[in-house]
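Undergrad: Letter by letter, the chains look like this.
Number of protein chains: 2
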Amino acid sequence: MSNLDQIAKLSGFSKATVSRVLNRSPHVSQATRESILKIMEELDYVPNGNAISLSRGQTMQIGMVTEGINEVMLPFLNSFVETASQHGYQTIIYTSGGDPAKELQAFEDMRRKRVDALVISTCVNDQALLGSYCKYGPIVSWQRMELPEIQSVAMNQYDGYMLGLEHVIGRGYTRIANAWGRPTSMNTSGRIQAYRDAARKYHLEVNPEWSQTGIYSIRQGEELIRGLLLSPGGHPNAILCANDMVAAGILSEARRLKVKVPEELAIVGFDNTELAHTLGITSIDNPIAAQAQNALYLILGKLGGKENGQQELEFQLVQRATT
Amino acid sequence: MSNLDQIAKLSGFSKATVSRVLNRSPHVSQATRESILKIMEELDYVPNGNAISLSRGQTMQIGMVTEGINEVMLPFLNSFVETASQHGYQTIIYTSGGDPAKELQAFEDMRRKRVDALVISTCVNDQALLGSYCKYGPIVSWQRMELPEIQSVAMNQYDGYMLGLEHVIGRGYTRIANAWGRPTSMNTSGRIQAYRDAARKYHLEVNPEWSQTGIYSIRQGEELIRGLLLSPGGHPNAILCANDMVAAGILSEARRLKVKVPEELAIVGFDNTELAHTLGITSIDNPIAAQAQNALYLILGKLGGKENGQQELEFQLVQRATT
Numbered sequence: 001m002s003n004l005d006q007i008a009k010l011s012g013f014s015k016a017t018v019s020r021v022l023n024r025s026p027h028v029s030q031a032t033r034e035s036i037l038k039i040m041e042e043l044d045y046v047p048n049g050n051a052i053s054l055s056r057g058q059t060m061q062i063g064m065v066t067e068g069i070n071e072v073m074l075p076f077l078n079s080f081v082e083t084a085s086q087h088g089y090q091t092i093i094y095t096s097g098g099d100p101a102k103e104l105q106a107f108e109d110m111r112r113k114r115v116d117a118l119v120i121s122t123c124v125n126d127q128a129l130l131g132s133y134c135k136y137g138p139i140v141s142w143q144r145m146e147l148p149e150i151q152s153v154a155m156n157q158y159d160g161y162m163l164g165l166e167h168v169i170g171r172g173y174t175r176i177a178n179a180w181g182r183p184t185s186m187n188t189s190g191r192i193q194a195y196r197d198a199a200r201k202y203h204l205e206v207n208p209e210w211s212q213t214g215i216y217s218i219r220q221g222e223e224l225i226r227g228l229l230l231s232p233g234g235h236p237n238a239i240l241c242a243n244d245m246v247a248a249g250i251l252s253e254a255r256r257l258k259v260k261v262p263e264e265l266a267i268v269g270f271d272n273t274e275l276a277h278t279l280g281i282t283s284i285d286n287p288i289a290a291q292a293q294n295a296l297y298l299i300l301g302k303l304g305g306k307e308n309g310q311q312e313l314e315f316q317l318v319q320r321a322t323t
Numbered sequence: 001m002s003n004l005d006q007i008a009k010l011s012g013f014s015k016a017t018v019s020r021v022l023n024r025s026p027h028v029s030q031a032t033r034e035s036i037l038k039i040m041e042e043l044d045y046v047p048n049g050n051a052i053s054l055s056r057g058q059t060m061q062i063g064m065v066t067e068g069i070n071e072v073m074l075p076f077l078n079s080f081v082e083t084a085s086q087h088g089y090q091t092i093i094y095t096s097g098g099d100p101a102k103e104l105q106a107f108e109d110m111r112r113k114r115v116d117a118l119v120i121s122t123c124v125n126d127q128a129l130l131g132s133y134c135k136y137g138p139i140v141s142w143q144r145m146e147l148p149e150i151q152s153v154a155m156n157q158y159d160g161y162m163l164g165l166e167h168v169i170g171r172g173y174t175r176i177a178n179a180w181g182r183p184t185s186m187n188t189s190g191r192i193q194a195y196r197d198a199a200r201k202y203h204l205e206v207n208p209e210w211s212q213t214g215i216y217s218i219r220q221g222e223e224l225i226r227g228l229l230l231s232p233g234g235h236p237n238a239i240l241c242a243n244d245m246v247a248a249g250i251l252s253e254a255r256r257l258k259v260k261v262p263e264e265l266a267i268v269g270f271d272n273t274e275l276a277h278t279l280g281i282t283s284i285d286n287p288i289a290a291q292a293q294n295a296l297y298l299i300l301g302k303l304g305g306k307e308n309g310q311q312e313l314e315f316q317l318v319q320r321a322t323t
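These protein sequence lines are chains A and B, in that order.
With full-length UniProt numbering, the residue at position 35 of the first sequence is 35, and numbering never jumps.
With full-length UniProt numbering, the residue at position 164 of the second sequence is 164, and numbering never jumps.
Note that these hints are calculated values from the structure, not bench results.
Please note that the accuracy of each hint is not assured.
A pair holds if it fits inside one copy or across any two, identical chains being indistinguishable in the list.
Within a straight-line C-alpha distance of at most 25 Å, the following computed DSS-like cross-link-like pairs (lysine-lysine) qualify [stated by the list, open to error]:
| no. | residue 1 | residue 2 |
| --- | --- | --- |
| 1 | Lys-302 | Lys-135 |
| 2 | Lys-302 | Lys-260 |
| 3 | Lys-38 | Lys-135 |
| 4 | Lys-306 | Lys-201 |
| 5 | Lys-38 | Lys-9 |
| 6 | Lys-113 | Lys-38 |
This structure is a prediction, so every number in the text was calculated from the model and none was measured.
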């Protein structure tokens, strides 16, 4: 008697139902699934994972590659996990802590068919090395990539940042400071380029001390604005931030320093999160959840051998009390 | 010539160094690692994952089991990932989206030796079923468990919540509202019990409408306090929250409604995050990062066959401008 027969007999369900449980089909009730799993447990039956995968040709698991997890990427992560789940896929997140060898494990797992596809949130390995894994399965990226093989769903941050710049310039601010994020990322270079172009076009007063990279957190925002407002060389009257958390730190600290917002200091966040909404911070709406859906649609298209259409996305300025 | 010999010869490094790269040892410089990986890439050399695992007896990967990822669990997740990384382990996060079958994949992966151990952040399967996997490797949990086999590093929320209650009661507030989190969690039941005990002991005015569960986000905090303050049956003069985000939403909305904080409404958050610090919200310091370290130490102890000591942890009240 095969294992399947034995489980079917002991559980009182058909072989087809047992097979559906083994294949993680959603078309089995929770009660049925549990009683079959309990029988498997009693028999100490270990389903052969590879056999299941080969018979379906898929593991129904997608790996997400990331250095670590922070508040800014949560909307991407959660939207991807949820959309993947709706299509029957489980998302497994490989954290590397910035270690290239640990990061490579995710790519090796795809090579060994332990995951069907990979989505890169952030990566640290040489892009050409990662690109060489494209032959083993679909790889898409949220981070902007210089490599054509790995399609990215990122939006050009230049456009979003320019929206914020032109908004404060239009309201009469000319001494603009910048709290940028990761210095090496293409997102940051897009934002820097937007600032340079705006400075030239609108004849802004430029002071190198007003522009800093590596600013991500509430506390960094607080420290930055303290430094800027107390600097002897004159201080900026507007600041654009890498994200809404930095903007929240700046807003709170400005209030403690009795600086009037927006009269003496305009503040613009980025990503238009709940935090910006509740604190009344002007922000740039960045459709991150929709980018994650696009990433999954790209993967599903590649797995199914066809090109899937992408949602057209754009940034929007949401004006609130800080400008 | 073996693969190892060939890679060593082509890369110009010793077999020992190549072996260290294959075994993901941290004692190899980034440059060396990259040039060896490049050679492996050129040779299209796939290291045999199982062979490596068997020779070491370990995969050096730990799985984290969770329904999804939110701001509240980020400090746990990041502390665990970082501490594990310091000990050479990669953390792989299995998201289930609340689907018991997807969640079980992580446990099946440990049974098949794809991960060495599991840490549960939150889980939805029957605990007895999950406990039956303890024979395949160490399982520890952040979520409080009713099952003795799965050791939990959670702290008793009763104590932390009581700190907040006695703080506001000591400051003269008696009409206390509660914004609790997940209704079915042991964390919530500990907090509810603390409130019941305090209400009896300090003769608090109790109104069932003032206590709600399922409140996690900034927006839910805003809605909750609008409802409470506009309710005809008299309103509370203090509120304790499931987390600092809820408290931030309540504080912002109270300001918009021109309610004086803390004179007319005292607000206490939970977790003592950067958000509570910057907005000046009284909160309960919950040493979440240290709980994650304890979880890893427990796992390392079990993998090494010995009991590791745990850090003694306790809650602390951090008073700020909202009480």
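Undergrad: Take the hints in turn and mark each one as holding or not.
TA: Hints, one by one, checked against the model:
1. For the homomeric pair Lys-302 and Lys-135, the shortest alpha-carbon distance inside one copy (12 Å) is at most 25 Å, but the shortest distance between copies (39 Å) is not.
2. For the homomeric pair Lys-302 and Lys-260, neither the shortest alpha-carbon distance inside one copy (52 Å) nor that between copies (57 Å) is at most 25 Å.
3. For the homomeric pair Lys-38 and Lys-135, the shortest alpha-carbon distance between copies (16 Å) is at most 25 Å, but the shortest distance inside one copy (39 Å) is not.
4. Taking the closest pair of Cα atoms, Lys-306 and Lys-201 never come within 25 Å of each other, the shortest separation being 43 Å inside a single copy and 67 Å across copies.
5. For a Cα distance limit of 25 Å, the shortest separation of Lys-38 from Lys-9 inside one copy, 13 Å, qualifies, whereas the shortest one across copies, 53 Å, does not.
6. For a Cα distance limit of 25 Å, the shortest separation of Lys-113 from Lys-38 across copies, 21 Å, qualifies, whereas the shortest one inside one copy, 28 Å, does not.
When each numbered hint is compared with the structure, violations occur for hints 2, 4.
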